[in-house]
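*Asks:* Residue numbers (the working numbering), protein chains in the order written: chain A, 29 to 970; chain B, 3 to 119.
Hints in this document: simulated from the structure, not taken from any laboratory.
Since the structure is predicted, the reported quantities are computational estimates derived from the model, not experimental observations.
All residues carry an ideal CB built from backbone N, CA and C; glycine is no exception.
Among these hints, one or two may not hold up.
Unchecked claim - Have a look at the derived ranges for each label pair, beta carbon to beta carbon:
1. B:G20 / A:A969: 23 to 31 Å
2. B:Y69 / A:G931: 26 to 34 Å
3. A:L949 / B:E116: 17 to 25 Å
4. A:L962 / B:G20: 22 to 30 Å
5. A:A969 / B:R71: 27 to 35 Å
6. B:Y69 / A:V967: 43 to 51 Å
7. A:G931 / B:E116: 29 to 37 Å
8. A:L962 / B:E116: 20 to 28 Å
9. B:E91 / A:G922: 30 to 38 Å
10. A:L962 / B:L96: 35 to 43 Å
11. B:T108 / A:D917: 37 to 45 Å
12. B:I4 / A:V967: 40 to 48 Å
13. B:Y103 / A:L962: 23 to 31 Å
Stated by the list, open to error - Here are some of the chain B residues that sit facing chain A, going by a computed Cβ distance under 8 Å:
14. L36
15. A92
16. V111
17. E116
18. L117
19. K118
20. G119
Claimed, not checked - Some chain A residues flagged as far from chain B (calculated, every beta-carbon gap over 10 Å):
21. D842
22. R935
23. T939
24. G940
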Amino acid sequence: MTWLVDTPGLYFVLAMLMPLATFLVVLVGSLIAALARRHNYEQVHALVASREVALLTGIGATAVMALAFVLSVVGFVQYESEFRANRQAIVEAHAALAESAPQREKLEALIEQLTDARTQAQEENNPAKVAELTERLKEPRLQLEEILAHEQRIGHLESFWQSARASRWTGTLLSVVQIHPTQRDNPTLGTTLRWGYTVDSLTGLMFVMITFIGMLIHLYSITYMRDELPPSPSDGDSFEYPASSSVTSPSGRFSRFFLYLSLFSFAMLHLVLADNFFQVFVCWELVGLCSYLLIGFYTERPEAGLAANKAFLVNRLGDIGLILGMAILWTYCGTLDFERLYAQIRHPLADAHQTPGKLAGAIVRAEQKSTAKGQQIVVSKPGEGGNLVVLFPERPLGETLTEPQAAELKRFRQALHRATDPAERARLERLIAAKDPSIDHFHNLGPNRVIRPRGDRVAEEFGVMPYGLLVLAGLGIFAGCVGKSAQFPLHVWLPDAMAGPTPVSALIHAATMVAAGVYLAARCYFLFTPEVLLVIAYLGAITLLLGASLAIVANDIKQVLAYSTVSQLGLMMLAIGVGGWTAGLFHLLTHAFFKALLFLGAGAILLATHHQGNLQQMGGLRHRMPYTALCMLVGVLAITGVPFTSGWYSKDAILSQALGYVYVHREHAFLFVAPALGVCLTAFALFRLWFLAFVGQPRNNDLYQEAQESPWPVLLPLGVLAVMSVGVAWSQTPWDVHQSFLRDTLAQAQPLAVAADFGTGHAVLFPEVAAKPAERSETAWGEQWSDAAGLLAFLALLVGFLLALASYGTRALDPQQAPASFPAVHQLLVQRFYLDALYDRLLVKPTLSLGRALAWNDRVLLERGSDQLAWGGVHLAWGVRRFDLHLVDGLVNGLGSLLFRIGQTLRTLQTGYVRTYILYLVFGVAFLFALLLLLITQVKAR
Amino acid sequence: MIPLLAEATSSGWITPIGLHHYLFLAAFLLVCGLVCMMAKRNAIGVLMGVELVLNAAAINFVAFARYNRTFELEGQIFALFVIVMAAAEAAVALAIVLSFYHQHHTVDVDNARELKG
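Could you build all of it, start to finish, from the sequences and the hints given here?
*Replies:* Below, the structure written as structure tokens:
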């Protein structure tokens, strides 16, 4: 087991294991309660299923999550400090290397000269001179080695930096399966499904976010789910089992909620910590399962069960693509680890000499061409296509040689190139062969370089993969993200998922689980070819508009928030598609905070209105719940991107990147128009929400009178999240939209691939490394136009806000006018673009009728058929029985009766009369006498 | 008379009495005795038949003794034996008949059907 135990990783792993511990404890507790009830241990059951213990469960889960949060923060802080120290060291080492460059050249020249002279002396068989030259070689070699040690150190630090991981806590913790492809004998090609963890800035931030929001939501749930607590026995009655005391009845459900919530937290944290696809997939499914369990938490509501089914099934549809992508990658790259896949698919940063490549971080395409030497695989120019993708060796070639050996080999090769004398050539070739010629010295790839991939893909060799399959793999993995993050075709489950309890909606369907899709898309960014990125961007844009427009007409408070979540997720995907990797993830983190805030606020409103969530029944609640109203207002400001809230920074980042992208690719102008329009629609929808709920005349007086502020476990998370929604993205200069501590931390985790695809180079070390010149770099243009983008966004926001204010705030415009004027559009929106109906007609109904047909087939055909078979068997059995009876038994019985009859016949001989016996006697004597006579006469005759 | 007999004999129409005459007689008596044994219902009658058979056997013995010089003594002795044995056997048989009568209160042998199968 190769464990590289570095303390930051340990903290994160511990933080991840905390919710698992809670889950196990609560599970054991419920088992004990269930067993106690079954075997009638009243005392035990009364104890374990009591109100106090249930409350303790909730409080304990919250405390554990708080502990996990503390651990995450500590780990993150430690990681960041190590990271920065490391980066500083790299910069210094590079500076030192640059200084010593001229000296190195001189030393190398000197060594070469001396070595040539020595070789010559060897040829002339002059041992004295050979000895002398060897002596002279020692000094320069030592000096060179010192310089090269610098290079190696940079190599180590660089590889750390390139993958931006401070601690790789991996190794075969659990070797689940060892799979070896059958045609290849090389065992290194087999995949071991490993269990490993890896930490970088993204991981750390996600952990902090998840544990923080999780902790707050656990606290919130203690109050929100109080109706599910078991009744306290202090009601005066003697103890008896509650009437419907099962695990699914309200009086036993409180602990179950925390059970599922803990399992979910564990799975989500593990997903973020995972370093290979297999682990991610396991946790992917696990979070899907928890989502199913939690959406369907209120088992007495049929729509909850249906929504849970819908969520799980739609999710699974996406997972088909995910598995397809994983299969393709495994086939061609032989691994499922992110690290190793990245190393194979994208050009390494530098070659064995630490020279950065022009194509560093890019996907290098190649084509099979017929040249003078036959069929060869030639690297294409960056602009042209090619039907193959070059898969790089995981360890850049030449690393297994030490530098002096590599240099020597290089000299020999150069000499071979120069030599014309065949004897000389033969000698040099022998020398090269002696130095292990199977390893080539890796140089950066450029156009027209010929690749010689071996048939067996070894870690030291190049490989190729069809480009179309890489595109397919990327699309497949993105399909998984589409399902999980509710993007356009598979978004239908998220609005229905609001049938679950509000804390669930806040944690899972706003902050974390749906973010898992975006997280995976970000982690797998390196897989995505430009076509796939375009698809991602367009789907994100469509989803963005879809969600925002549906939010406008929704009447249930949680539905509005659900649609806006869909919209914001579309925005994040769009960001990733246009090259705003950091921007998209930045928005993910800020969105988690303000969306959780909005959902928790909605939950507070639901608590006040007795779970009646229709916006048309509310109004003027801010007089009854001022604190909640204020927090919700902060949330609405943040989501719409009002300046100085966290949403402003992230939306600005995304919009400027989008504008830069559109500036370079004019044909995709939709990709900027969509988010701009989306900002307007989002603003309108959310301000509408706020105005309808909190402002104006109460439309339902009973509701209004009963509404009141919720207890402190509800209000505290609201307040904290409100503060975070505003301040989480701040830096030391909050008025500067480009400066954000969070964003800079995220930028450390950005893979080189993003920079290679969209412009600006390796910001810290090699700024000149860029696959694109500055004029074509989307990122550079985005930075240039960011002010314009921000202004446009603000204008859109203003338009939306004013419209909402006019319609729902001051009632200057009549909100009923729009549906009346555009009835078709309104109907389209209310019917959710008929997508649900379409899916129903296209997928659900055929599946159900297929199911019915198969059931009929089973019941009627198969069952009858098997019945007929059974009857046939029965008849056969009867026939055999007859045979048995008649023949076999007949034989035996016949024999018996025959003997009986013989006996009976013989019996008549015994008459009992003496005279008869005398007669027999006389006959016997006569017979004997006759016989005797016969014999005598015969004897006499002879 | 004697000159008549002597003349009939010498002219051949009175043959001298040979062995076979006695054997025929004995056989005839035997058969009579057997038939008497078989046909009589009375036990005493059966015993009479037995006597006839035994005496037939005795006649056979004497006949052979008369016409065969080898056996002239043995035949006679054996006839004596037969008579004694017949007497003994008659005694025993009468004892059986007595016991039979004691049980069945009749001497009808047809009543002795205990061994009927």
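*Asks:* Falls inside 43 to 51 Å, the C-beta gap from Y69 (chain B) to V967 (chain A)?
*Replies:* 23 Å Cβ-Cβ, so the 43 to 51 Å window is violated.
*Asks:* Find the nearest Cβ of chain B to the Cβ of D842 (chain A) and say whether that gap is larger than 10 Å.
*Replies:* D842 (chain A) is indeed farther than 10 Å from all Cβ atoms of chain B, at 127 Å.
*Asks:* Between the beta carbons of A969 (chain A) and R71 (chain B), is the distance compatible with 27 to 35 Å?
*Replies:* At roughly 29 Å between Cβ atoms, R71 (chain B) and A969 (chain A) fall inside 27 to 35 Å, so the hint holds.
*Asks:* Cβ-Cβ distance between E91 (chain B) and G922 (chain A): within 30 to 38 Å?
*Replies:* Because 50 Å falls outside the window, the suggested range is violated.
*Asks:* Return holds or violated for the Cβ distance of L949 (chain A) and E116 (chain B) against the range 17 to 25 Å.
*Replies:* Given a distance of about 19 Å, which is inside 17 to 25 Å, the answer is holds.
*Asks:* Less than 8 Å between beta-carbons is the criterion; does A92 (chain B) satisfy it with respect to chain A?
*Replies:* violated, 17 Å
*Asks:* Is the Cβ of G940 (chain A) more than 10 Å away from each Cβ in chain B?
*Replies:* Not fine: 3 Å to the nearest Cβ puts G940 (chain A) too close to chain B.
*Asks:* Are Y103 (chain B) and L962 (chain A) spaced within 23 to 31 Å by their CB atoms?
*Replies:* Distance hint for Y103 (chain B), L962 (chain A) is violated at roughly 43 Å.
*Asks:* Does the nearest C-beta of chain A fall within a distance shorter than 8 Å of the C-beta of E116 (chain B)?
*Replies:* holds, 7 Å
*Asks:* Can we confirm that no CB of chain B comes within 10 Å of the CB of T939 (chain A)?
*Replies:* violated, 6 Å
*Asks:* Quick one: are I4 (chain B) and V967 (chain A) within 40 to 48 Å, going by C-beta?
*Replies:* holds, 45 Å
*Asks:* Cβ-Cβ distance between Y69 (chain B) and G931 (chain A): within 26 to 34 Å?
*Replies:* violated, 52 Å
Checked against the numbered hints listed earlier, the structure breaks hints 2, 6, 7, 8, 9, 11, 13, 15, 22, 23 and 24; every other hint is satisfied.
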